[in-house]
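A.B. asks: So you can see what is in the structure, the chains are spelled out below.
2 protein chains.
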Amino acid sequence: MNAPDHPAAQGKIMLVGLGPGSHDHLTARARAAIAEADTIIGYVTYIRLIADLVEGKEVIKKSMTEELDRAVEALDRARQGKKVALISSGDAGVYGMAGPTFEVLFQAGWTPDADIEVEIVPGASAINTCAALVGAPLTHDFCAISLSDLLTPWPTIARRLDAVAYADFVVALYNPKSGRRTQQIVEAQRLFLRHRDPQTPVAIVKSGHRPKQRIELTTLERMAEAEIGMLSTVLIGNSNTFIKHGLMVTPRGYANKYAVEAGERNTHAGEQAGRSLSTGLNGWLATIQASGRSAAELAADYGLPEDYIAAALLSELPPAGEEAEIEG
Amino acid sequence: MNAPDHPAAQGKIMLVGLGPGSHDHLTARARAAIAEADTIIGYVTYIRLIADLVEGKEVIKKSMTEELDRAVEALDRARQGKKVALISSGDAGVYGMAGPTFEVLFQAGWTPDADIEVEIVPGASAINTCAALVGAPLTHDFCAISLSDLLTPWPTIARRLDAVAYADFVVALYNPKSGRRTQQIVEAQRLFLRHRDPQTPVAIVKSGHRPKQRIELTTLERMAEAEIGMLSTVLIGNSNTFIKHGLMVTPRGYANKYAVEAGERNTHAGEQAGRSLSTGLNGWLATIQASGRSAAELAADYGLPEDYIAAALLSELPPAGEEAEIEG
Chain G
1 MNAPDHPAAQ GKIMLVGLGP GSHDHLTARA RAAIAEADTI IGYVTYIRLI ADLVEGKEVI
61 KKSMTEELDR AVEALDRARQ GKKVALISSG DAGVYGMAGP TFEVLFQAGW TPDADIEVEI
121 VPGASAINTC AALVGAPLTH DFCAISLSDL LTPWPTIARR LDAVAYADFV VALYNPKSGR
181 RTQQIVEAQR LFLRHRDPQT PVAIVKSGHR PKQRIELTTL ERMAEAEIGM LSTVLIGNSN
241 TFIKHGLMVT PRGYANKYAV EAGERNTHAG EQAGRSLSTG LNGWLATIQA SGRSAAELAA
301 DYGLPEDYIA AALLSELPPA GEEAEIEG
Chain S
1 MNAPDHPAAQ GKIMLVGLGP GSHDHLTARA RAAIAEADTI IGYVTYIRLI ADLVEGKEVI
61 KKSMTEELDR AVEALDRARQ GKKVALISSG DAGVYGMAGP TFEVLFQAGW TPDADIEVEI
121 VPGASAINTC AALVGAPLTH DFCAISLSDL LTPWPTIARR LDAVAYADFV VALYNPKSGR
181 RTQQIVEAQR LFLRHRDPQT PVAIVKSGHR PKQRIELTTL ERMAEAEIGM LSTVLIGNSN
241 TFIKHGLMVT PRGYANKYAV EAGERNTHAG EQAGRSLSTG LNGWLATIQA SGRSAAELAA
301 DYGLPEDYIA AALLSELPPA GEEAEIEG
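Residue numbers (my numbering), protein chains in the order written: chain G, 1 to 328; chain S, 1 to 328.
Some hints here could point you the wrong way.
If several chains are the same, the list does not tell them apart, and a pair holds so long as it fits within one copy or across any two.
Said to hold, decoys possible - Derived BS3-like pairs: lysine-lysine, alpha-carbon spacing no greater than 30 Å straight-line: (1) 244 x 57; (2) 82 x 206; (3) 212 x 244; (4) 82 x 244; (5) 83 x 212; (6) 61 x 83.
To be clear, the hints were calculated from the coordinates, so they are not data collected in a lab.
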């Protein structure tokens with residue numbers, strides 16, 4: 001940080017993720033950042049969630065569409081030496097204010113060694129906080145897709161939906177529906193049904209961890225009929241996800257370690273439940289190299305690109321061995 | 001909750017996500033859950049992160065491989081009427097203890113109205129907390145993939161890598177590499193290079209928000225050469241992600257709202273920068289229906305399945321209209 005010629009107060013922009021909005025789920029740093037700030041800027045709904053923490057501060061409430069205005073106001077105040085908290089629900093980096101703010105800062109010629117400090121305070125995103133309310137749906141690979149086509153071309157969104165439906169991710173849909181934008185969730189359902197069982201579990205969480213919280217468990221087949229709005233997050237399970245006793249759970253792959261009730265799990269194409277050790281990378285390379293089958297045949301079997309299989313057939317087998325993994 | 005015949009203390013299992021591990025990023029609820037617990041169970045490395053919060057409690061340290069043991073111990077203590085905090089780094093639902101715990105509970109005949117309460121305390125996952133350290137890479141659709149093939153067949157992982165590389169997600173790789181498991185990151189790179197520019201920005205965050213934090217910004221082409229270990233998270237940008245002044249930023253799609261320096265953005269196939277309003281679902285349906293082109297031609301143009309395009313060509317145009325969206 002360069003020392004300013006005049007010893008003025010140094011401005012700061014803090015991008016604060018509130019988590020779901022209840023004070024219980026604020027991090028210590030998020031709360032301290034709000035306390036440290038002279039100025040609070042955010043969407044009016046989110047400012048309401050922390051109303052008791054912003055008394056005596058300058059509070060700038062913006063509508064949903066004024067994201068760039070929020071960033072411009074933050075920069076303006078920070079240039080005056082103010083400490084500004086730009087608040088987002090969930091995580092400030094996930095469809096939040098962090099991206100637009102850096103774009104505005106760069107555009108204004110800001111650099112990290114300039115006289116305005118920028119701090120990002122992470123928070124739990126809607127995918128995490130909604131998942132916590134319905135069970136354990138995110139135990140395996142997952143992704144987040146916004147169905148808002150306001151700034152993203154629909155074909156880009158559709159390609160993403162199709163790709164992750166095929167590749168069997170657990171998927172969270174952000175911005176699934178709004179008053180005027182009602183067809184996107186139907187299109188998403190159509191793309192998913194090309195690859196997934198109509199009975200795939202789906203959870204719809206509205207206003208999670210807030211007073212008007214509402215949770216609905218349904219299926220892919222019935223998803224589009226459910227009550228979904230601007231404050232809903234839609235969680236679609238993978239091919240192994242099940243609902244039991246009102247909880248949505250995605251197993252991580254422990255099928256070989258204890259008995260599992262019949263009918264709760266499916267084995268995905270190319271996957272063998274309980275045979276994971278032998279189907280890791282090394283085991284798989286050994287299997288395909290010993291198979292005597294062509295790259296084209298193997299590509300069809302495994303649903304993988306032929307050129308990738310061809311390279312794998314030529315690759316040297318690394319020494320075998322497995323070890324435990326870290327959590328995320 | 002059914003009243004027990006004997007008024008014994010009611011057991012409770014709290015699945016607590018610590019976030020990155022520093023006390024600053026603990027939520028109020030996570031801290032309170034740890035305080036409320038009689039017994040703390042977790043991986044030894046994570047227990048060390050909260051050592052000062054667990055004094056005077058029974059602390060059960062487990063190795064990385066003993067996930068089911070941890071869940072079984074938690075159930076055992078909860079049956080004795082204890083309050084147990086099962087701790088995970090990041091979010092307890094993301095490759096964490098929530099999934100294995102519900103599986104063990106179900107196996108033991110537990111139901112939500114039984115005498116043991118279960119609470120999931122969400123936290124910010126590594127994808128969020130690492131992103132906060134490098135800029136704003138998650139501004140657009142993203143996914144998380146674990147490269148651990150200990151419990152997941154490699155073809156499943158490879159299909160997922162290929163699908164999301166094609167569909168232009170921002171991707172976080174969890175468990176990217178370990179002492180013995182070094183080839184998976186090379187395979188991931190190979191699959192990504194089938195679809196992505198070798199110059200795609202990549203950030204590698206090791207021990208984020210902890211004393212030994214280390215951040216490396218690199219490219220897809222050089223990713224596999226970087227220092228990556230068990231405590232690293234790898235963030236791969238999408239086709240619009242750029243690095244500027246040491247920050248990794250994914251634009252959300254504001255290209256039409258202010259000037260952008262040449263060379264920082266690419267327009268993805270089928271995507272027109274700054275033309276988002278006319279390429280939303282309604283605009284796109286109108287465009288393809290007026291094009292006079294066949295479903296096969298359009299499928300090739302847009303990289304979407306022909307049957308999906310065929311259905312879209314027949315679909316009724318919903319009334320036009322756009323509105324603002326909620327953040328996540």
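A.B. asks: Now, for every hint given, state plainly whether the structure supports it.
C.D. replies: These are the hints, each one checked on the structure:
| no. | hint | verdict |
| --- | --- | --- |
| 1 | 244 x 57 | neither (47 Å within a copy, 33 Å between copies) |
| 2 | 82 x 206 | neither (35 Å within a copy, 32 Å between copies) |
| 3 | 212 x 244 | within (24 Å within a copy, 41 Å between copies) |
| 4 | 82 x 244 | between (51 Å within a copy, 25 Å between copies) |
| 5 | 83 x 212 | between (32 Å within a copy, 28 Å between copies) |
| 6 | 61 x 83 | within (16 Å within a copy, 42 Å between copies) |
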